[in-house]
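*Asks:* This is what each chain is made of:
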Amino acid sequence: MRKVAVIGAGMTRFVRRALETPKELSWEAARMALESCELTMDDIDAVCFGTAPDAFDGVHMNGEYASDGAGGWRKPFMRSYVGGGTGVFVPIQGWYHVASGMFDVVLVVAEEKMSSYYPHAQAAFLTIFDHTTERPLGPNLLWIFALEMNRYMSTYGLKKEDIARVAVLHKRNAAAHPCALLGDANITVEDVLNSEVLAWPVQRLDVSPVSDGAVAIVLAAEHVAKRLTDKPVWIEGVGWHLDTAYWTNRDLVYPRYVEYAARMAYEMAGIKEPRKEIHIAEPYDPFDYKALHHLEGLQLAPRGRAIELYLDGTAERDGDLPICPSGGLLGVGNPIAAAGLMKIAELFWQLRGEAGERQVPGNPRRGVAQAWGDLMQVGTVVVMGR
Amino acid sequence: MSDRVAIVGVGWSGFRPKTPDLSYKELMYEAAVRAYADAGVDPRRDVDSFVTVAEDFIEGTSIFDEYVPDQLGAALKPVHTITGDGLHGLATGVMLIRSGIARVVVVEGHSKASNLLTPDTILAYAQDPVLNRPLRLNTHFVAGMEMHRYLYESGTTREQCAAVVVKNRRNALRNPLAAYGADLSLEEVLFGPPLAWPLGKRETAATTDGAIVMVLAAEEVARALRQDPIWIRGIGWCNDSPSLESREWGNLPYIQEAAQMAYQQAGLRDPWNEVDVAEIDDTYAYKELQTLEALGFCGYGEAGSLLESGAFDLDGELPVNPSGGSLGVGHMLDATGLMRTLEAVFQLRGEAGAHQVEGAEVALVQSWRGVPTTSGAVAILSN
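Listed in order, the protein sequences are those of chains X and Y.
In terms of our numbering, the first sequence is residues 1 to 386.
In terms of our numbering, the second sequence is residues 1001 to 1383.
Hint data in this document are derived by calculation from the structure and do not stem from the laboratory.
One or more hints might be untrue.
[Said to hold, decoys possible] Between beta-carbon pairs, the in silico distance windows are:
(1) L19/X to N1115/Y: 49 to 59 Å
(2) P1017/Y to T133/X: 23 to 33 Å
(3) T1118/Y to P302/X: 45 to 55 Å
(4) R204/X to N1115/Y: 37 to 47 Å
(5) E357/X to G1040/Y: 49 to 59 Å
(6) A1354/Y to E35/X: 41 to 51 Å
All C-beta atoms, glycine included, are put in the ideal place defined by N, C-alpha and C.
Sequences are here, hints too, so could you generate the full structure?
*Replies:* Spelled out as structure tokens, the structure:
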């Protein structure tokens, strides 16, 4: 198995409504990633692209449309797709492009523009449900996550004021991120608990915002990476698993698909005790309870007890296991595919000691990023180390 | 390629222009069961990774990836979707195996084209939303313009393009899977209804429903599973400019580059003499000629007269689309690349029956994602 390194990263600001087209957002991030490792498109052998449903942009074959913006002009270009898990899947796609020996340097771009959808991107999600059994009920994502959050809270007896601390920590972390949409250094648990109820128990500040943005990274094979940078960050493990489409038949209390994906990535990375061997975690956090859910799936906390990481300070930037030092989706924003790749970029900067104000102390050596998507169904996991 | 990857099982369901009795899940299930039986694998036990090719708007479901795992036996397994042609899916399977993360990979593609009530409206959403879509043109105009430019630059004639239809639909009469076999005269094609001048409706492939599943395996597994694995010796893919305003119209640079990538991996220097059978794009009749030239089988503008000389007939020097191609079998949307690969596997196994090309050892498969894209892929297979 060839070793693959991340050698460059770039991202646009995450904003509510970008004036740029998806092509322009993609190129802005791609150019920054290329400049960060002093490469040009001439050095790129292939391009991998990620973006979530075509319905957001209202463009059929959205990958083809955005391909030149992402650098896929006269290049091998492919778009991969696992719903919300896409952001952490595209780097896996880039990884197998390089690990297969077919390409040495690959550009990975994830872009999302949700603001084009009128009046609100949430409506695009009406069409993700089963056309026969579910769509006639007119479900939306907030409802089904309310179901899941309820199930999680009632099974383990968790309190809303505890779960709100996840949102508070992530949004506070995001205050130090120059690209963040909802960073807030002074937010409190009360602010979250007093925010508008969307679908009980989900309140507005429990949820990440709809946003526009793009992120790009450059991957290189070992022999190239060592020539181009003194500080390569290796992709040590990758994993992904997709559960059944019949989500209504599953117990929503535990994301088994995340566990399987994590075990696949840990095995590849040779990790036996994740809690001890991983120094930074970027679990997927579109909702505050989801971060907890995923920390348990990632085997970083026992079932029902991930909240303790937040209550005892472990999750803080200077804690024993910093969680979402970037600010996560809750703080930086959630342009679906781009948000997942943002976590990979964050690990890249953190592990190189280039995260600036967000830098986790103690020279962290290894991190894990994870995303989740489809119908509460897919887990995608990447372990990175230096 | 050093780490060899083989196709060890193929399965299909269909192909029929309409399948009101089957859902896409049933089509996929039938194809998968056949492929697993053909390969002798159990999806739950033996398959490490699954890849499907699909596009949301075609399926009528956002994030279609959700509805893939169950009917493939892939629930709670590594599964992902590539929004590309079946050959992109195949290339992904090859990369997964060569990376070492999987030893057995399943690739799936399907077409439930008969469910599309307004296919042209959906296709219009693939046009640039700012520059092209406001013109409200049927997307086939892109093919009409390209054909016009190709005829002008290469000197190919409309009659030569029409002859592709006659050849492919006659070949289809020998293929039990083909839906559009017919014995047409050149005049019937030429004087059929127009679609986008100079392109006629009879020079455009009609759609068909079906599903195709393939099982790929690393060399040591492939040899253990069967005597006659079909090797993927090279696979390449490439995109040109998506924008109509800045692409080339007479040539297919992306097919040239994809072919070079595949040829290099396969160590192929002289496609005309080294390839025994080709299954290539004929979504529109002129495409077959334009593509043959881009693949390097002949010089620019030469494919038309070679076709007229019978070189591409079933018993010619280089049989092209012995299956009947998309014109004869029916166009299967993004499963098209897999449909062509399926035919190549039949040919290389010697299982093609009435349309068998005698002694076929090396097959070339090529596919294009259709208007308005410039996305194509090429694969070289051998037995």
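*Asks:* All hints are to be evaluated individually against the structure, with a verdict given for each.
*Replies:* Hints versus structure:
1. About 37 Å separates the C-beta atoms of L19/X and N1115/Y, a value inconsistent with the hinted range of 49 to 59 Å.
2. A hinted range of 23 to 33 Å holds for the C-beta pair P1017/Y and T133/X, which are about 28 Å apart.
3. For the hinted restraint 45 to 55 Å between T1118/Y and P302/X, the CB-CB distance of approximately 52 Å keeps it satisfied.
4. Distance hint check: the CB atoms of R204/X and N1115/Y are about 38 Å apart, consistent with the given range 37 to 47 Å.
5. The given range of 49 to 59 Å is respected by E357/X and G1040/Y, whose C-beta atoms sit roughly 58 Å from each other.
6. The beta-carbon spacing between A1354/Y and E35/X, approximately 59 Å, falls outside the hinted interval of 41 to 51 Å.
Violated hints, in rising order: 1, 6; the structure is consistent with all others.
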